[in-house]
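Novice: Next come the chains, spelled out residue by residue.
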Amino acid sequence: MLGKGGKRKFDEHEDGLEGKIVSPCDGPSKVSYTLQRQTIFNISLMKLYNHRPLTEPSLQKTVLINNMLRRIQEELKQEGSLRPMFTPSSQPTTEPSDSYREAPPAFSHLAPPSSHPCDLGSTTPLEACLTPASLLEDDDDTFCTSQAMQPTAPTKLSPPTLSPEKDSFSSALDEIEELCPTSTSTEAAAAAMDSVKGTSSEAGAQKPDGPQESRADDSKLMDSLPGNFEITTSTGFLTDLTLDDILFADIDTSMYDFDPCTSSSGTASKMAPVSADDLLKTLAPYSSQPVAPSQPFKMDLTELDHIMEVLVGS
Amino acid sequence: SKNQVHRRGEYNVYSTFQSHEPEFDYLKSLEIEEKINKIRWLPQQNAAYFLLSTNDKTVKLWKVSERDKRPEGYNLKDEEGRLRDPATITTLRVPVLRPMDLMVEATPRRVFANAHTYHINSISVNSDYETYMSADDLRINLWNFEITNQSFNIVDIKPANMEELTEVITAAEFHPHHCNTFVYSSSKGTIRLCDMRASALCDRHTKFFEEPEDPSNRSFFSEIISSISDVKFSHSGRYIMTRDYLTVKVWDLNMENRPIETYQVHDYLRSKLCSLYENDCIFDKFECVWNGSDSVIMTGSYNNFFRMFDRNTKRDVTLEASRENSKPRAILKPRKVCVGGKRRKDEISVDSLDFSKKILHTAWHPSENIIAVAATNNLYIFQDKVN
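First to last, the protein sequences are chains D and A. Heads up, the first sequence is in our numbering, so the first residue is 971 and it goes up one at a time. Heads up, the second sequence is in our numbering, so the first residue is 4 and it goes up one at a time.
Worth flagging that the hints you see were computed from the coordinates, not collected in a lab. If you're wondering where the values come from, they're calculated on a predicted model, not measured in any experiment. Using N, Cα and C, we set each Cβ at its ideal position, and we do this for glycine too. Some clues are possibly wrong.
What the hints assert, rightly or not - Which residues of chain A face chain D? A partial, calculated answer using Cβ under 10 Å:
(1) 33
(2) 168
(3) 173
(4) 190
(5) 230
Whole structure, please, built from the sequences with the hints as guidance.
Specialist: See the structure below:
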């Protein structure tokens, strides 16, 4: 679109997404307002947090991008119970959704990360993944809205190859659950399965978690935004902390979110590298069996490992 | 009379010198680029030229002078250049000035450093020729040319809590005749006119220029495209011109609530704003200039195009600065961008514009119809057709 000199960052999947009609950014009459807003939101985040300049970044640019993000945040707040479809709209864009999980600047006023983002030891984090009861009452309306607003793109994007993995993941979790029969892990597995099913693009009606998580993501990110004016160089110093560690201490989405683009594309995902080992370690306290990976779960572990690899995109 | 001067239309480089060097800020571990942001000439008072040049942090005053003669005939040194013993000198020889090849020397006369925390975007010489101002994102400082170790802060918009920062200074300029008056523009599309007689710190403006937003044109990018990249007083001092991403506006100093003229530079980009945001082109800072009589204004665009608007006839033209189209003495052909529908033969469609070829800097001779246009790493000088 931009011709010989223009550099396009999202070339491949833009074409694939829109079927070469028009990019999500142009022609607002053709795509939903929310899709465009989400795209701009993601681009803005990328601009702020991806850039590692040798020289001081332009304050004017930073201020304008921040204002853009704040404005979108305000809109989201005002929309309140109307739940925009974030998960489907974040699926089409590989890099931006990666950026959600990428290493941002750590802000000193944020709490230090918990030992592991997926802290299955307590029920609170899991509940945070679920839709609060107050919003569940509105589900019917919002589902209708969501359905109406759901762009056709996401359905195109769920490659058939992923379904068997999802199923085997669910079944793997089922088997783990069988082997670790405690209420906590059951909840964990149930929540995991719900989330897994929830992110399936076909099951729009079963998706209480997706948008809510994303909304929570947004508000967390928004809260952490303002501090970046003075942080010009600190972004480069905190690469060992991941987004999940810092911002989503009580919301674990890294294991349960399916991003078909991430898994199917070759681009490096910078999500928290939750490996199958980590998952097992967190389950360990609730298991009567020893935790070493080479143990009874061996066959399931291989499958699980494979699934985790696909998810993490490594 | 001026137009009858025969000009062959060829220019040679007069002088080249390195104004700034890259530096390293050890405190922040960041490089300070040597890239020059602005150059301003001082009015000529003798044979030498003086100019101010600035990078992000430091302003320098340069003296550019010519040397085309040198004294010869001294008998104080021997052939090898060693001073002779005065006892051996028996005649008084007065040296004679002999012509030599023209040599142009640039010498730094003043260095105005360490006064800006943020990036300097503008410098402006005052009409008193004694002071000038330098503006960064949040502050404007007033300098005396003779004093380099201190400056007066005249505008400070830094909030106590940086998290509340939503607006920055983008450009500033002194009034051409009133040495107490200056304007500065912001990233929100506003212009403030300040009077230094009112108070030492001009945080409260005398006049505030802002155009109400057009609700029909509202988009996610409204604020960004309203950010003013350049502000210039007319030579008369009665108007100011501002450049934002898509338009050039002329304001009457006596009317604050809207501009008196608005010119569309490249409105066909309005539907491409998201892509331009994505690739950062939306942050490009275009300059704008008046001609000597304030009747024509000029600004740059993409694809090495630049635009001229005649304020009287309301006609505008798009021209291109490129090697293929610029043989010496060739007449520039007007260009046209096709915005949709059938593309005529000589038109260029929006999608084939080259966004890496941008004309950000242009200049117009103060009294003649000669313009300079900077296209990436080439400088083009155009002039009126010579009869």
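Novice: Are the hints correct? Go through all of them and say.
Specialist: Against the structure, the hints:
The beta carbon of residue 33 of chain A comes within 5 Å of a beta carbon in chain D, closer than 10 Å, and the hint placing it at the interface holds. Restraint check, residue 168 of chain A versus chain D: the minimum CB separation of about 6 Å is within 10 Å; hint holds. Given the 10 Å rule on beta carbons, the hint for residue 173 of chain A holds: about 6 Å separates it from the nearest Cβ of chain D. The restraint placing residue 190 of chain A at the interface with chain D holds, with a minimum CB-CB distance near 5 Å, inside the 10 Å limit.
Hint on residue 230 of chain A holds. Least Cβ distance to chain D is approximately 7 Å, under the 10 Å limit.
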